[in-house]
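Using the sequences provided together with the hints, build the complete structure.
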Amino acid sequence: MNFLEDIKGGLLRKRLWIELAKLDLKANYQGSALGVFWIVLALMLKVGMLSVVYSMVLDKNFGDYILFLALGILTWNFISSIITNGATIFRKASNFMQQMRLEHSTFVFQNVYKECLVLLMYQLFAIPLVFFIKGTEILSWMWFWVIFGYLLIILIAFFASFWIGWLSARFRDIQPMLGSLVVILFLITPVLWPPPEKFADSLYFQLNPFFHLLELIRAPIVQGEVPVTSIWVAVFLLTLNMLICLIFYSKVRDRLVLWL
Amino acid sequence: MAQIQLKNVTFSYKYFPSIGGGLFKSSSGLKSKVALRHIDLNIEKGDTVALLGTNGAGKSTLLKLISGVFKPEQGVVKTNGKIYSFFGRNVGVMPQLSGYDNLKVRGLLLNLNDKEIAEKIEEIVEFTGLGEDLERPVSTYSQGMRARLTFGMLMFVNAEILLVDEGLAAGDKFFLAKTHKFVNDLLDQSKILIFASHSNELLRRFCKKALWLNNGEVMAFGSFETVLKQYNQFKK
Chain S
91 MNFLEDIKGG
101 LLRKRLWIEL
111 AKLDLKANYQ
121 GSALGVFWIV
131 LALMLKVGML
141 SVVYSMVLDK
151 NFGDYILFLA
161 LGILTWNFIS
171 SIITNGATIF
181 RKASNFMQQM
191 RLEHSTFVFQ
201 NVYKECLVLL
211 MYQLFAIPLV
221 FFIKGTEILS
231 WMWFWVIFGY
241 LLIILIAFFA
251 SFWIGWLSAR
261 FRDIQPMLGS
271 LVVILFLITP
281 VLWPPPEKFA
291 DSLYFQLNPF
301 FHLLELIRAP
311 IVQGEVPVTS
321 IWVAVFLLTL
331 NMLICLIFYS
341 KVRDRLVLWL
Chain X
61 MAQIQLKNVT
71 FSYKYFPSIG
81 GGLFKSSSGL
91 KSKVALRHID
101 LNIEKGDTVA
111 LLGTNGAGKS
121 TLLKLISGVF
131 KPEQGVVKTN
141 GKIYSFFGRN
151 VGVMPQLSGY
161 DNLKVRGLLL
171 NLNDKEIAEK
181 IEEIVEFTGL
191 GEDLERPVST
201 YSQGMRARLT
211 FGMLMFVNAE
221 ILLVDEGLAA
231 GDKFFLAKTH
241 KFVNDLLDQS
251 KILIFASHSN
261 ELLRRFCKKA
271 LWLNNGEVMA
281 FGSFETVLKQ
291 YNQFKK
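Sequence lines, in order, name chains S and X. FYI, the numbering for the first sequence is 91 to 350, going by the numbering used here. FYI, the numbering for the second sequence is 61 to 296, going by the numbering used here.
It should be emphasised that the hints constitute simulated quantities derived from the structure, not laboratory data. The beta-carbon is built from N, C-alpha and C at its ideal position, and this holds for glycine as well. A hint or two may mislead.
To be verified - BS3-like mimics (lysine-lysine), calculated; alpha carbons at most 27 Å apart, straight line:
id : chain 1 : residue 1 : chain 2 : residue 2
1  : X       : K93       : S       : K182
2  : X       : K93       : S       : K116
3  : X       : K67       : X       : K269
4  : X       : K131      : S       : K98
5  : X       : K142      : S       : K104
6  : S       : K341      : X       : K131
7  : X       : K241      : X       : K289
8  : X       : K142      : X       : K238
9  : X       : K131      : X       : K269
10 : S       : K98       : X       : K269
11 : X       : K241      : X       : K142
12 : X       : K142      : S       : K98
13 : S       : K98       : S       : K112
14 : X       : K67       : S       : K341
15 : X       : K268      : X       : K241
16 : S       : K224      : S       : K136
17 : X       : K91       : X       : K131
18 : X       : K91       : S       : K341
19 : S       : K112      : X       : K295
20 : S       : K104      : X       : K131
21 : S       : K150      : S       : K112
22 : X       : K67       : X       : K131
23 : X       : K93       : S       : K341
Claimed, not checked - So, partial list: chain X residues that the calculated Cβ filter (under 7 Å) puts toward chain S:
id : residue
24 : S127
25 : G128
26 : S145
27 : L169
Take a look at the structure:
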């Protein structure tokens, strides 16, 4: 079986990973009164509180800042969850993988689908907020670029999940390392704060791939611009992640189950 | 026609020996142990085979090699027929989910359609007598209820080759008699059963042949009572 056949086999198990993703999501909120609505509520509380404080700290207009922050945080939450949960994808699936021969992609699909459901729920807050702040002027072709941006981010997440999962199963230090790395990346990437104008083109920001992933969503809505450079960076990241999977799949295909 | 053939199969499993280690030490941290050595085996349709051997003899590894979960380092494993594997009493059971969800996931894992899953679950509810308990999280089940649910999962079987590792010990005497009848009905002449258990009573109920493994090597393969006698003498 090669990598593409694995993905094809995983797609055929669509009903399984959709069910597992839904159960996984529900299990996180088992017994709570609000259930999965906590996903939206937690985002609203986070964005609301941080906007009040940071709009003053950064001396920004509250309306502009809350939109910048909301889009940044919800996109960052998706990216960071993919990285941290990606580390445990295969170890969590150990029960299944030790039972029968299953495609690696089954569990990658499960995790990415679960995070996409969360991302969709975030839109319950984000879309009304965009219309509230921007009004109907936002109804333009810019939405095409936002959807295209999300598509690129999801595809990158899909392929990155494979190698993050493989690496974390093989080297047990990777998972705690990624946990710390995500916190550091959050602080050095412009999620809470926009890059200062005079440094916007500096290599510090331009070489940070996460800055570009955030720009895929933020630039069309907040600045009304097509983030051409960020799109090219995302295409490069997608190609790179696909190549990593294609090269390493045959090496880890039969070994992964031994590392779980 | 169901058939299993192993030719000169050798396999080593890998494991992390402790919670210690580090990124640069991990290569040495991952240990390797030979689990099976030069195994030759031929199992034909209608064979019901008990796996005998002490802990670490290679029984579970052999089942995982036949199921395709593991690939042999050396040699060839050939199987003919659809395989249903069931390894360990709690493997595949997710305690935070309800019994019903666990059964549904099992059906989906076997690529059954919604109608087939619903019919099977109805059958399992009737057979196991779990009734409304299936709505509760499995973490709240007693040992006996868990055993019944586990057996219920086994009832999804739709294959010619049935591989079971410690899964048929299902609760009280009354239920055990029911499971015995169910498995016997299931194993018509076209099916193969390979069953690993430490309970000779259970093995005797379901198996006509036995394979004795010791330190990853085949010590004997033949009729159940003959091989069991050899195994018991060896243990003394």
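Query - Hint check, failures only - result: The structure breaks hints 2, 10, 19, 21; every other hint is satisfied.
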